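With the hints as constraints, model all of the structure from the sequences given.
In order, the protein sequences belong to chains Z and E. Counting from 1477, one number per residue, gives the positions in the first sequence under this note's numbering. Counting from 5, one number per residue, gives the positions in the second sequence under this note's numbering.
Derived from the structure by calculation, the hints contain no laboratory data. Do not take every clue at face value.
Here are the computed lysine-lysine pairs in the PhoX-like style, where the Cα-Cα straight-line distance is at most 25 Å [stated by the list, open to error]: (1) K71(E) / K103(E); (2) K1547(Z) / K1494(Z); (3) K103(E) / K1479(Z); (4) K1529(Z) / K103(E); (5) K46(E) / K1489(Z); (6) K1533(Z) / K71(E); (7) K1533(Z) / K103(E).
Which chain Z residues stay away from chain E? Per the calculated CB distances, all over 10 Å, these [as the list claims (entries may be wrong)]: (8) S1484; (9) V1488; (10) E1493; (11) E1498; (12) F1509; (13) V1528; (14) K1547; (15) E1548; (16) R1549; (17) S1551; (18) I1575; (19) T1576; (20) E1583; (21) V1589; (22) L1590.
As the structure is a computational prediction, the values presented were derived from the model and not from experiment. Note that CB positions come from ideal geometry on N, CA and C, so glycine has one too.
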Amino acid sequence: DVKVTQSSRYLVKRTGEKVFLECVQDMDHENMFWYRQDPGLGLRLIYFSYDVKMKEKGDIPEGYSVSREKKERFSLILESASTNQTSMYLCASRPGDTITGELFFGEGSRLTVL
Amino acid sequence: QKEVEQDPGPLSVPEGAIVSLNCTYSNSAFQYFMWYRQYSRKGPELLMYTYSSGNKEDGRFTAQVDKSSKYISLFIRDSQPSDSATYLCAMSGGSNDYKLSFGAGTTVTVRA
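Here you go:
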């Protein structure tokens, strides 16, 4: 089974703090994604990476950056957390040769910014 | 207008009822249609996917796609309390489309 692991399930941070969210997948997938999930808005794509050291902006990249130094690891960085970044963050991966586009998700990291 | 519209519910049904969920979309390039199930405090997991128009059945679950109407549905027969979850529709243009477009999700509660 594909395993996507998000290291922090619940975080509480203060406004202005730098926040790192880590994601590791164990299936040698080329593509990795970061989404945020908010009630009524569904899943919105923040960034994705189609290979090591490659990244593309998604629909809502403002206030976020990412890092992919190794194939299995994709990090989301909030340089200066703000209260409107309180959300559930979901990491996902998939093979680079996918036909359907199916994503495999982690269990999520719930971030609260005070 | 959102690319994918899904009624957020919530939907509450008695055990054994048929649950009907649906999404509409605007992008005619979508070819792959998926339903994800997300239990509380968990990540989404793929429930079913369908290519192009037609029906697909898997046990108590049936997915339908009507591309002419840009409308997809998920039916759950003989619903169980364990089916209580949020159901998200998702769709893509296929291998050349780098991202999935998601509906907002419908929260379903099946009452014992």
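Status of each hint after checking the structure:
no.: 1; hint: K71(E) / K103(E); verdict: 19 Å, holds
no.: 2; hint: K1547(Z) / K1494(Z); verdict: 24 Å, holds
no.: 3; hint: K103(E) / K1479(Z); verdict: 20 Å, holds
no.: 4; hint: K1529(Z) / K103(E); verdict: 19 Å, holds
no.: 5; hint: K46(E) / K1489(Z); verdict: 21 Å, holds
no.: 6; hint: K1533(Z) / K71(E); verdict: 29 Å, violated
no.: 7; hint: K1533(Z) / K103(E); verdict: 11 Å, holds
no.: 8; hint: S1484; verdict: 14 Å, holds
no.: 9; hint: V1488; verdict: 16 Å, holds
no.: 10; hint: E1493; verdict: 24 Å, holds
no.: 11; hint: E1498; verdict: 15 Å, holds
no.: 12; hint: F1509; verdict: 8 Å, violated
no.: 13; hint: V1528; verdict: 16 Å, holds
no.: 14; hint: K1547; verdict: 17 Å, holds
no.: 15; hint: E1548; verdict: 17 Å, holds
no.: 16; hint: R1549; verdict: 17 Å, holds
no.: 17; hint: S1551; verdict: 17 Å, holds
no.: 18; hint: I1575; verdict: 5 Å, violated
no.: 19; hint: T1576; verdict: 5 Å, violated
no.: 20; hint: E1583; verdict: 5 Å, violated
no.: 21; hint: V1589; verdict: 19 Å, holds
no.: 22; hint: L1590; verdict: 21 Å, holds
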